[in-house]
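Starting from the known structure of chain A, fit chain B onto it as the hints suggest.
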Amino acid sequence: MPNSTLKRRVKFWTGNETIAEAALVAGCRFFAGYPITPSSEIAHVLSQRLPMVGGKFLQMEDEIAAMGAIIGASLTGDKVMTATSGPGFSLKQENIGFAAMIEAPCVVVNVMRGGPSTGLPTALGQSDIMQARWGTHGDRPVIALVPAYLDEVYTETIRAFNLAEKYRTPVFILIDEVIGHLSERVDLPFDDEIEIINRTRPSVPPEDFKPFDTTWGDVPPMADYFSGYRFHMTGLNHDSGGFPTTDPALCQSENERLMRKVDANLYDIIRFEQTSIDDVEILVIAFGSSARAAAVAIADARSKGIKAGMFRPLTLWPFPEKEVRELAGRVKGIIVPEANLGQLFYEIDRLVAGKCPIKRINKVGGVPIYPGEILAQIEVF
Amino acid sequence: MPLKYEKYLRVNKVPNMWCPGCGIGIILKAMLRSIETLEWDKNEIAMISGIGCTSRTPGYVDANTLHTTHGRALTFATGIKMARPDKHVVVISGDGDSSAIGGNHLIHSCRRNIDMTLIIVNNNIYGMTGGQFSPTTPIGSRAATAPWGSIDPPFDLGMLCKAAGATYVARGHVGAAAPLERLIRGGMKHKGFSVIEVMSNCHTQFGRRNRLSDPVQLIDHIAAKTINVREAAKLSPEELKEKIIVGLLHEEQREEYCDAYARVIAKASASIIN
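Chains as they are written, first to last, in my numbering: chain A, 1 to 381; chain B, 382 to 655.
The hints are simulated quantities; they were obtained by calculation from the structure and are not laboratory data. All figures in this text were calculated on a predicted structure; none of them were measured in a lab. Ideal placement from N, C-alpha and C gives every residue a C-beta, glycine not left out.
Derived lysine-lysine pairs resembling BS3-like cross-links, with alpha carbons at most 25 Å apart:
id, chain 1, residue 1, chain 2, residue 2
1, A, K322, A, K332
2, B, K468, A, K210
3, B, K423, A, K210
4, A, K210, B, K394
5, B, K388, B, K570
6, B, K423, B, K572
7, A, K355, A, K307
8, B, K572, B, K648
9, B, K410, B, K423
10, A, K359, A, K332
11, A, K355, A, K332
12, A, K210, B, K388
Covered by chain B, per the in silico footprint, the following chain A stretches (three or more residues, Cβ under 8 Å):
id, stretch
13, 62-71
14, 217-230
Looking at chain A on its own, in the form it has when it is part of the complex (with noise of 0.2 Å):
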């Protein structure tokens, strides 16, 4: 029977279940947690729900310990996921290093709430999507999804499972307090409308077998431990068999080559929404919440004949850089609202590059940032 005669399944979530609810569509049969507000429901519902398919929940000591056991969990094939906020993603960061460097598939979702330190845990931030990209030390390669509205984080949720895999690289999901805790209508995608990327196994035979071989290209095929293929990881700089190494050459390749993985894939990666773009003006970017407060505020405008339209990015690292830099040599001005003082803002500047004024909207107070405020600098651009 043809799509169009069946009724899509719909469900009334919050965005911390949905998450959880994609990710056992994704494949998802390992999490491991530690409790923190907001992101705790993502745990509750997945202790329910993977036992009920065969799969595993753990809530270990700390947060440090729950993404050590995914990392673990992963190499043995499983498709894994922990989630967190603010405090507990700053514990996460040592084993996302390691996670990228040894290239092990898992997601990470944060719940984003206000900082620094133990800050607002129960009101909404944006202001660790720096400490995404940034966070860990050394160079890694960083994908960062933001979605903001409800059937788009169920289906950025599978995605985010999809390029963990196909890429062998740590995948976070940063959605906010509020997107965390919103209650919408969901419009479930229909099984054939989703797929589902599993990493790529080796297809030679384990004597042959190196864990970072780069023949098939920069993303190596990966065994699972107890399939046969025995092999060794370490967080050290390594060489194609998993083996520390300090040769200067292979640590400058192997590490571009992590880099590259991304960044020679960006558009399979990157993803975004433009709005009322054709003839923009007023330029806002914006993303989750802030970017659902701007939606209104644009529909406003241009009820009042003002051009204004956004880009909103899905994909939040690697930024869509092309686009904006396209975008600001044809408009008069950008906003820029987001629940930080200033964190994409950073990232807006250096790409507009003095071609069009810019003006912040920056509300750190842990309330939402209102279509209103937004509206009113549209008006005065």
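Frame of chain A, contents of chain B only:
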């Protein structure tokens, strides 16, 4: 017939990076003999470590091996074991790695009683980083960061692990390889979280600063302080003050964590109404 260790080693990775005379070699060989006796298949073994001299061990062992972040080996091992409960998981760690930066993971792994074997190579010092005092450095001993003698009270790792809930706790030393092998084998056979603390020699970092810079001299020094757990039972706490109690310190049976989770899966699966 004596074991040909090559069967379990990545021979192309030797010579190893340890100092000549290091006790880790004695411990590694005792582990491999235990594996041989238990007839474990190399494909079924995961060996995980953190950071430090001891933590370089898995790189030399032909199994599914993982060299992780400092102190965190048990967390990765827990993920691996939970994901594949039918496999053998061995963690090897130093005193600093396991009980300082990894102390939280240590006590919670004991508490869960997840079925894996933890071997702690206790040489009373941070060797790799240059001889700083560790949580097991005896009071008065000199270290790179205790030039006037350490004032930090040391952990008794056996007592710590027993109190935290480990269901097999043993202590051996590198001066007695055959009893050490029996203790490790016992831990590997045991269903539940087993800890084997091995008193070992770091003559390079600990010995050099404490007039015990010759490996044989330091191993003899350790051996002279040991007393078997049965003999120790006859002595007063005062008489045991400077002694290291070795042998099987504790063993009990308690529900293993993966088994307990299997009950959760059974309960959750049964709740699904089609």
